[in-house]
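Colleague: Okay, here's what each chain looks like letter by letter:
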Amino acid sequence: LAKTTQPISMDSYEGQEVNITCSHNNIATNDYITWYQQFPSQGPRFIIQGYKTKVTNEVASLFIPADRKSSTLSLPRVSLSDTAVYYCLVGYTGRRALTFGSGTRLQVQP
Amino acid sequence: DAGVTQSPTHLIKTRGQQVTLRCSPKSGHDTVSWYQQALGQGPQFIFQYYEEEERQRGNFPDRFSGHQFPNYSSELNVNALLLGDSALYLCASSLEQLNTEAFFGQGTRLTVV
Chain A
1 LAKTTQPISM
11 DSYEGQEVNI
21 TCSHNNIATN
31 DYITWYQQFP
41 SQGPRFIIQG
51 YKTKVTNEVA
61 SLFIPADRKS
71 STLSLPRVSL
81 SDTAVYYCLV
91 GYTGRRALTF
101 GSGTRLQVQP
Chain B
1001 DAGVTQSPTH
1011 LIKTRGQQVT
1021 LRCSPKSGHD
1031 TVSWYQQALG
1041 QGPQFIFQYY
1051 EEEERQRGNF
1061 PDRFSGHQFP
1071 NYSSELNVNA
1081 LLLGDSALYL
1091 CASSLEQLNT
1101 EAFFGQGTRL
1111 TVV
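Quick note, the sequences are listed as chains A and B, same order.
Counting in the working numbering, the first sequence runs from 1 upward without gaps.
Counting in the working numbering, the second sequence runs from 1001 upward without gaps.
Keep in mind that the hints were calculated from the coordinates and are not lab data.
Fair warning: this is a prediction, and the values are worked out from it, not measured in the lab.
Glycine is no exception: its CB is placed at the ideal position from the N, C-alpha and C atoms.
Partner residues aside, some chain B positions facing chain A, computed with beta carbon under 10 Å:
hint, residue
1, Val1004
2, Ser1033
3, Gln1044
4, Ala1092
5, Ala1102
6, Arg1109
Covered stretches of chain A, going by a simulated chain B footprint (3 or more residues, C-beta under 8 Å):
hint, stretch
7, 44-57
8, 97-108
Chain B with its partners taken away, still in its complex shape:
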């Protein structure tokens, strides 16, 4: 049973560019959340998707947007990249109907130069 998979694993972008990160949830999971983790810090919640809609959002600007597809996979898009967007981006999946723990992927390391 594959866990949460994220792609790509590493990415280097130039300031001002746009980036799309992808996540496939654990089999059977229908809720996907995205987190940003700066070096030395704990993960910070960006937003959560359920039934193809954004259900919750953290304190992130509109440059951060997302999408969830009918197969529950998800994308995170970041526009107009800033140097401060350099971080490990984590995807977590869970099952809505149960109070289950969230399972995290290994993350995408984004470097903005």
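Isolated chain A (complex conformation):
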């Protein structure tokens, strides 16, 4: 399974754009990149998934360069409620076990 590396923590202010980068040098050809969000004492919540280039949904964008060895989760105009732990996962979701790292703790200040 591809190992992921992401910052332990990040701080931001309300209204700013936040970019969290994840490194996954050993990503396999059929691996997707998935990001989850987790609030304290709750289960992780799916944010976005992509394979290459750019994916955008109503909450975030995911940028994946051509070599796919990294990816960047972009959260536009964060609010206090975006304070959470964000996990980057690499693999084939659903059918296989998800491998979580320690995640990135995002703290949004007013």
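We have chain A already, so just place chain B on it with the hints.
Modeller: Just chain B now, kept in the frame of chain A:
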């Protein structure tokens, strides 16, 4: 549409006891996975059930066992509880035939004293 539901939400057990945790998957989902999350850590995969059989297993001892029922619901059993088993236990469901994301329940907080 109910998402993934887990019961109980909290549980306190004594070292050496046995515990059973329950999970109902999201409607339409047929695959259930269980994860253990220690405080401050990411979730760790325990095992996955599909068609009432254990399909994959993480690095957990045999004290951890499970079951999936015909209605796709699942149970996680832990025998001979240790203090180190204290954690948030998460259930996730997904649909086998699609590369869909896994949906997680809110978890069961198990405290072993």
